[in-house]
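Undergrad: Chains as they are written, first to last, in our numbering: chain A, 1 to 139; chain B, 1 to 139; chain C, 1 to 139.
By construction, these hints were calculated from the structure, which means they are not laboratory data.
Computed from a prediction, not measured in an experiment: that's the story for all the values here.
Do not take every clue at face value.
For lysine to any residue, the following SDA-like pairs were computed, each having C-alpha atoms within a straight-line distance of at most 25 Å [as the list claims (entries may be wrong)]:
| no. | chain 1 | residue 1 | chain 2 | residue 2 |
| --- | --- | --- | --- | --- |
| 1 | C | K43 | B | E25 |
| 2 | B | K43 | A | T20 |
| 3 | A | K69 | B | V133 |
| 4 | B | K43 | A | G84 |
| 5 | B | K69 | C | C111 |
| 6 | B | K43 | B | V133 |
Among chain B residues calculated to face chain A with C-beta under 7 Å, some are [to be verified]:
| no. | residue |
| --- | --- |
| 7 | T45 |
| 8 | R79 |
| 9 | S100 |
Don't be surprised by glycine CBs; every beta carbon is placed ideally from N, CA and C.
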Amino acid sequence: MWLHREITLSARPRGFHLITDELLEQLPEITSIDAGVAYFFIKHTSASLCVNENADPTVRSDMEAHLNKIVPENAPYYRHTLEGPDDMPAHIKATLVGSSITLPVHRGQLCLGVWQGIYLGEHRDRGSSRRIVVTLQGE
Amino acid sequence: MWLHREITLSARPRGFHLITDELLEQLPEITSIDAGVAYFFIKHTSASLCVNENADPTVRSDMEAHLNKIVPENAPYYRHTLEGPDDMPAHIKATLVGSSITLPVHRGQLCLGVWQGIYLGEHRDRGSSRRIVVTLQGE
Amino acid sequence: MWLHREITLSARPRGFHLITDELLEQLPEITSIDAGVAYFFIKHTSASLCVNENADPTVRSDMEAHLNKIVPENAPYYRHTLEGPDDMPAHIKATLVGSSITLPVHRGQLCLGVWQGIYLGEHRDRGSSRRIVVTLQGE
Chain A
1 MWLHREITLS
11 ARPRGFHLIT
21 DELLEQLPEI
31 TSIDAGVAYF
41 FIKHTSASLC
51 VNENADPTVR
61 SDMEAHLNKI
71 VPENAPYYRH
81 TLEGPDDMPA
91 HIKATLVGSS
101 ITLPVHRGQL
111 CLGVWQGIYL
121 GEHRDRGSSR
131 RIVVTLQGE
Chain B
1 MWLHREITLS
11 ARPRGFHLIT
21 DELLEQLPEI
31 TSIDAGVAYF
41 FIKHTSASLC
51 VNENADPTVR
61 SDMEAHLNKI
71 VPENAPYYRH
81 TLEGPDDMPA
91 HIKATLVGSS
101 ITLPVHRGQL
111 CLGVWQGIYL
121 GEHRDRGSSR
131 RIVVTLQGE
Chain C
1 MWLHREITLS
11 ARPRGFHLIT
21 DELLEQLPEI
31 TSIDAGVAYF
41 FIKHTSASLC
51 VNENADPTVR
61 SDMEAHLNKI
71 VPENAPYYRH
81 TLEGPDDMPA
91 HIKATLVGSS
101 ITLPVHRGQL
111 CLGVWQGIYL
121 GEHRDRGSSR
131 RIVVTLQGE
């Protein structure tokens with residue numbers, strides 16, 4: 001069984017956001033998979049996907065704070081600056097965090113650990129809605 | 001053919017560790033796959049998986065040393081600090097390194113390069129045993 | 001349908017390079033997949049794969065410039081130094097950027113966003129040709 005679906009996430013402010021529930025609501029077919037895999041791919045180069053802690057919101061804000069430290073705005077050597085100071089750092093963060101995640105599916109559920117959730121990293125100051133391609137495969 | 005298996009790795013000290021052999025010992029079914037894929041996903045948010053150099057142990061210790069430089073403890077803006085100074089850096093490292101790897105399988109073997117192995121990144125000072133979900137798929 | 005293919009990319013200078021077209025030329029079978037997934041895995045530990053912006057070449061040069069800042073050469077604590085100052089940084093960059101990408105395939109095409117392309121990160125000063133294992137799967 002193959003399922004291909006494009007999901008549109010509403011626009012969010014810059015930072016990391018827990019999106020597990022919003023994704024699962026749009027993927028009821030997962031419950032019918034006994035063994036399989038779910039692929040999530042974000043069709044943008046200034047936002048990212050990853051898996052991290054799902055409970056304490058300060059993990060998300062500390063993640064944003066530290067990524068801003070690792071990838072600061074206005075580095076003197078940036079040349080891709082036309083769209084503003086948040087543009088090039090957004091591309092770099094997208095590469096460091098990643099554009100896709102692959103999660104095992106077992107007995108009708110994503111096999112996330114108890115403390116794990118799916119994060120959207122929104123790296124632009126004014127990001128628009130974001131499109132995620134989900135591919136479900138299994139039996 | 002689908003195989004879903006949860007593998008428990010024994011607790012390891014903080015740092016990067018070569019775990020290829022320990023994983024393969026628990027996946028004898030790989031030898032029967034002619035063309036396929038192996039997915040490895042770690043069910044924790046303060047440990048990580050990646051592929052890197054399998055020969056010289058100083059690659060692993062240099063990796064740990066430099067990640068501690070990129071993601072230091074006790075950054076003044078960290079607010080997720082209740083579990084100790086190694087907690088928030090561990091979450092950030094897990095996101096930078098990644099929670100999963102996907103490897104091709106061909107003629108009964110993982111298609112790793114000659115110098116490649118699978119690393120566990122243990123990012124806590126006293127990490128417990130770590131659970132990895134492996135999904136094998138192929139024909 | 002499973003396809004396993006090893007693609008050899010010609011040697012490129014240190015930096016990030018757009019390789020989407022070079023890969024697609026060697027994967028004509030994608031056009032016959034209605035729903036599926038393409039896995040790309042690089043069999044080297046000092047080069048990397050990621051998805052990022054496909055239009056402005058300064059994104060690639062800024063990415064290289066900033067990764068050199070995050071992962072500098074000649075850090076005093078590096079011990080894996082036998083092969084030169086670009087060796088250990090190359091391993092660290094490969095882990096931060098990643099060794100593989102997974103892309104959805106739909107109606108005969110890779111589902112990349114309009115502004116997305118596949119990057120090769122060449123992290124050695126004199127990298128040789130690079131081998132990428134591609135696994136195509138779908139129906």
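Undergrad: Under the constraints set out in the numbered hints, which ones does this structure not fulfil?
TA: 3, 4 and 5
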